[in-house]
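Those sequence lines, one after another, are chains E and C. All residue numbers in the first sequence are consecutive under the UniProt record's numbering, ending with 342. All residue numbers in the second sequence are consecutive under the UniProt record's numbering, ending with 342.
Treat the hints with caution; some may be incorrect.
One side of the interface only, derived from the structure: several residues of chain C facing chain E at Cβ under 10 angstroms [claimed, not checked]:
hint : residue
1    : H150
2    : A299
3    : Y306
4    : D308
5    : L311
Partner residues are not named here, just some residues of chain E that face chain C (Cβ under 8 angstroms, in silico) [as the list claims (entries may be wrong)]:
hint : residue
6    : M203
7    : G226
8    : G233
9    : R234
10   : G237
11   : Y262
12   : D293
Since the hints were made in silico from the structure, they are not lab data. Positions of the beta carbon are idealized from the N, C-alpha and C atoms, including for glycine.
Protein chains: 2
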Amino acid sequence: MIIDIHGHYTTAPKALEDWRARQIAGLTDPSQAPKASDLSISDDALIESIETNQLAKMRERGLDLTVFSPRASFMAHHIGDFQTSATWAAICNELCHRVARLFPDHFIGAAMLPQSPGVDPKTCLPELEKCVTEYGVVAINLNPDPSGGHWTSPPLSDRSWYPIYEAMVAYDLPAMIHVSTSCNACFHTTGAHYLNADTTAFMQCLTSDLFKDFPTLKFIIPHGGGAVPYHWGRFRGLAQELKKPQLREHLLHNIFFDTCVYHQPGIDLLTTVIPVDNILFASEMIGAVRGIDPETGHAYDDTRRYIDATLNLSDEDRFKVYEGNARRVYPRLDRALKAKGR
Amino acid sequence: MIIDIHGHYTTAPKALEDWRARQIAGLTDPSQAPKASDLSISDDALIESIETNQLAKMRERGLDLTVFSPRASFMAHHIGDFQTSATWAAICNELCHRVARLFPDHFIGAAMLPQSPGVDPKTCLPELEKCVTEYGVVAINLNPDPSGGHWTSPPLSDRSWYPIYEAMVAYDLPAMIHVSTSCNACFHTTGAHYLNADTTAFMQCLTSDLFKDFPTLKFIIPHGGGAVPYHWGRFRGLAQELKKPQLREHLLHNIFFDTCVYHQPGIDLLTTVIPVDNILFASEMIGAVRGIDPETGHAYDDTRRYIDATLNLSDEDRFKVYEGNARRVYPRLDRALKAKGR
Numbered sequence: 001m002i003i004d005i006h007g008h009y010t011t012a013p014k015a016l017e018d019w020r021a022r023q024i025a026g027l028t029d030p031s032q033a034p035k036a037s038d039l040s041i042s043d044d045a046l047i048e049s050i051e052t053n054q055l056a057k058m059r060e061r062g063l064d065l066t067v068f069s070p071r072a073s074f075m076a077h078h079i080g081d082f083q084t085s086a087t088w089a090a091i092c093n094e095l096c097h098r099v100a101r102l103f104p105d106h107f108i109g110a111a112m113l114p115q116s117p118g119v120d121p122k123t124c125l126p127e128l129e130k131c132v133t134e135y136g137v138v139a140i141n142l143n144p145d146p147s148g149g150h151w152t153s154p155p156l157s158d159r160s161w162y163p164i165y166e167a168m169v170a171y172d173l174p175a176m177i178h179v180s181t182s183c184n185a186c187f188h189t190t191g192a193h194y195l196n197a198d199t200t201a202f203m204q205c206l207t208s209d210l211f212k213d214f215p216t217l218k219f220i221i222p223h224g225g226g227a228v229p230y231h232w233g234r235f236r237g238l239a240q241e242l243k244k245p246q247l248r249e250h251l252l253h254n255i256f257f258d259t260c261v262y263h264q265p266g267i268d269l270l271t272t273v274i275p276v277d278n279i280l281f282a283s284e285m286i287g288a289v290r291g292i293d294p295e296t297g298h299a300y301d302d303t304r305r306y307i308d309a310t311l312n313l314s315d316e317d318r319f320k321v322y323e324g325n326a327r328r329v330y331p332r333l334d335r336a337l338k339a340k341g342r
Numbered sequence: 001m002i003i004d005i006h007g008h009y010t011t012a013p014k015a016l017e018d019w020r021a022r023q024i025a026g027l028t029d030p031s032q033a034p035k036a037s038d039l040s041i042s043d044d045a046l047i048e049s050i051e052t053n054q055l056a057k058m059r060e061r062g063l064d065l066t067v068f069s070p071r072a073s074f075m076a077h078h079i080g081d082f083q084t085s086a087t088w089a090a091i092c093n094e095l096c097h098r099v100a101r102l103f104p105d106h107f108i109g110a111a112m113l114p115q116s117p118g119v120d121p122k123t124c125l126p127e128l129e130k131c132v133t134e135y136g137v138v139a140i141n142l143n144p145d146p147s148g149g150h151w152t153s154p155p156l157s158d159r160s161w162y163p164i165y166e167a168m169v170a171y172d173l174p175a176m177i178h179v180s181t182s183c184n185a186c187f188h189t190t191g192a193h194y195l196n197a198d199t200t201a202f203m204q205c206l207t208s209d210l211f212k213d214f215p216t217l218k219f220i221i222p223h224g225g226g227a228v229p230y231h232w233g234r235f236r237g238l239a240q241e242l243k244k245p246q247l248r249e250h251l252l253h254n255i256f257f258d259t260c261v262y263h264q265p266g267i268d269l270l271t272t273v274i275p276v277d278n279i280l281f282a283s284e285m286i287g288a289v290r291g292i293d294p295e296t297g298h299a300y301d302d303t304r305r306y307i308d309a310t311l312n313l314s315d316e317d318r319f320k321v322y323e324g325n326a327r328r329v330y331p332r333l334d335r336a337l338k339a340k341g342r
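Take the sequences, apply the hints, and build the full model.
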């Protein structure tokens with residue numbers, strides 16, 4: 001089985017975007033503010049948006065199952081206040097849940113959280129709990145910078161995040177550390193902010209002792225770990241300077257990297273320097289990079305081709321990257337699959 | 001000849017740091033503010049600080065010449081106002097100039113600028129001009145984020161930066177795009193902020209048409225280009241989405257990467273995906289990562305070993321990386337060398 005642990009609902013029917021536009025307009029003109037119940041999207045519309053997009057490509061590429069979460073760039077936690085985010089997160093999570101129910105063999109949910117800049121992360125717990133107990137999500141997406149590129153929250157090692165971690169541990173949920181749209185003109189969202197956040201989050205973990213407090217906490221750093229694997233020697237050396245244990249001991253029981261790296265040399269590097277037990281297959285399809293690579297004739301984000309082609313992995317390694325590691329790092333996913341005899 | 005284009009004066013005598021501490025104290029208590037002339041460092045002290053550190057390692061590693069600039073993390077442009085930075089930059093640039101005069105065969109200067117958050121970059125021109133005409137610097141270090149991790153300046157494509165670029169073009173000076181200390185708790189300085197800035201600067205260039213306005217402008221993105229080479233497919237794909245020319249045409253006449261990547265697989269990747277004409281040897285020694293890699297028994301920042309060992313470069317390629325490209329991208333360096341028959 002091939003499990004893609006990183007897919008977002010980037011192709012939701014336009015009614016969703018329209019509702020969000022009204023919600024944002026309502027922040028300055030409350031007469032325009034919509035109710036959650038004003039949004040109505042039929043099952044048929046959901047089915048079409050998936051069948052012609054993600055599912056079509058999954059079939060083309062031979063991918064079986066996607067861990068599916070709301071569109072990352074649309075989370076936009078910087079907009080409005082907690083209530084704005086709470087309503088928006090509830091809507092987006094419910095849509096992903098419906099997709100997972102409509103396509104139970106191919107999609108399983110991961111939840112976005114109703115984060116808001118300056119608001120205590122523990123306010124996210126009711127939504128998180130609902131998504132676990134009612135929707136059966138197997139992971140959450142945690143935004144280390146709800147300000148959208150101004151980085152006004154404390155690092156992930158700060159105790160204000162601990163209620164989230166306690167819930168993650170209690171529910172056996174990993175978190176993908178994933179920012180949203182940048183509203184800082186310095187940072188292009190998918191070309192700079194995403195990758196920077198990945199590197200930043202890794203370094204926040206490296207300088208802290210977070211995983212001493214939470215030995216079973218699990219973070220997935222997406223986009224191949226940002227700059228981390230390319231600079232693995234730098235990070236090993238920095239850990240040494242900082243008198244931390246070696247990275248394998250210090251971080252690799254808890255941190256995992258996905259394979260959203262859109263060319264063969266990048267995947268070759270990732271699979272050279274990062275232990276295979278810490279690499280989980282993903283493509284972030286349909287996402288930031290949708291074109292065909294003229295150098296290969298294939299989609300940039302068809303990451304399965306790079307995993308299949310790399311000389312660094314044995315068949316057993318590929319099984320881990322495609323399926324085994326996901327089942328280990330996402331225990332609720334494993335249980336959901338086993339309950340269906342998969 | 002082996003030219004290291006990225007060395008900082010990280011080992012200056014402690015009197016420099018003490019003077020800076022007094023300058024910072026003077027911001028809140030003007031009675032403590034020192035005069036520039038209060039700093040006195042003898043030639044002997046400079047010589048010792050270099051001979052026992054950078055020059056010793058250059059000899060060990062067989063490096064001939066370093067492009068030498070003030071300590072990057074100490075630029076700290078976020079401290080004080082323009083006058084604070086102006087006095088500090090003048091002191092630091094003069095020290096590097098003295099090092100270059102004391103060791104003319106081994107060091108040649110690059111200037112830091114007296115940038116200050118929210119202050120028009122053109123205020124840096126007098127210091128820049130002095131460093132070129134009086135000190136003979138061959139490059140500048142340009143900080144894309146003088147706020148120190150808050151990213152409050154406009155992107156490098158903004159017209160407010162143009163006076164700097166006009167001077168660079170007029171003087172045949174390349175700029176290394178290099179941030180300083182992070183005062184944002186989210187970003188570790190050398191583990192996150194430096195690499196993030198590299199990626200950010202590259203993407204600012206990618207999304208803009210800066211090099212249409214300045215076809216001969218040259219930027220060096222240090223630290224191996226941040227996350228860029230590892231994600232080269234992503235950036236090629238993003239350029240395509242944004243209807244920009246292919247990256248070689250769009251950016252690689254103007255953007256160059258150094259080799260400050262502290263392990264073999266990183267250098268192998270860099271030399272696989274980036275054309276050899278765009279790679280310049282550097283180690284940033286003595287810098288962020290000073291230890292011995294237990295996996296190799298050699299210093300992490302002994303980057304010559306990786307360049308020598310990589311299978312991706314021919315002898316001709318190595319000449320370009322070690323010397324030829326530096327002479328082309330730093331025309332004033334080439335002229336200075338030729339004037340000495342080198």
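Evaluation of the interface hint that places G233(E) against chain C, nearest CB under 8 angstroms: holds (3 angstroms)
Per-residue hint verdict: M203(E), partner chain C, C-beta under 8 angstroms: holds (4 angstroms)
Double-check H150(C) for me: the hint is only fine if its C-beta lies closer than 10 angstroms to a C-beta in chain E. holds (7 angstroms)
Does G226(E) pass the interface check with chain C, least Cβ-Cβ distance below 8 angstroms? Holds. Min distance 6 angstroms.
Holds or violated: the hint that D293(E) contacts chain C, with Cβ atoms closer than 8 angstroms. Nearest chain C Cβ about 7 angstroms off; hint holds.
Taking the closest Cβ pair, is D308(C) under 10 angstroms from chain E? violated (16 angstroms)
When the nearest CB of chain E is found for Y306(C), is that gap smaller than 10 angstroms? Result: holds, 9 angstroms to nearest chain E Cβ.
Hint validation: L311(C) versus chain E, beta carbon distance must be below 10 angstroms. Holds or violated? For L311(C), the interface hint is violated, since the closest Cβ of chain E sits about 13 angstroms away, which is over 10 angstroms.
Holds or violated: is the Cβ of G237(E) closer than 8 angstroms to a Cβ in chain C? holds (4 angstroms)
Any CB of chain C closer than 8 angstroms to the CB of R234(E)? Constraint on R234(E) satisfied, holds at 5 angstroms.
Interface hint for A299(C), Cβ within 10 angstroms of any Cβ on chain E: OK, holds: A299(C) within 10 angstroms of chain E, min 9 angstroms.
Should the interface hint for Y262(E) be scored as holding, given a Cβ-Cβ cut-off of 8 angstroms against chain C? Y262(E) check passes; min Cβ-Cβ to chain C is 4 angstroms, inside 8 angstroms.
In this structure, the earlier hints numbered 4, 5 are contradicted, and the remaining ones agree with it.
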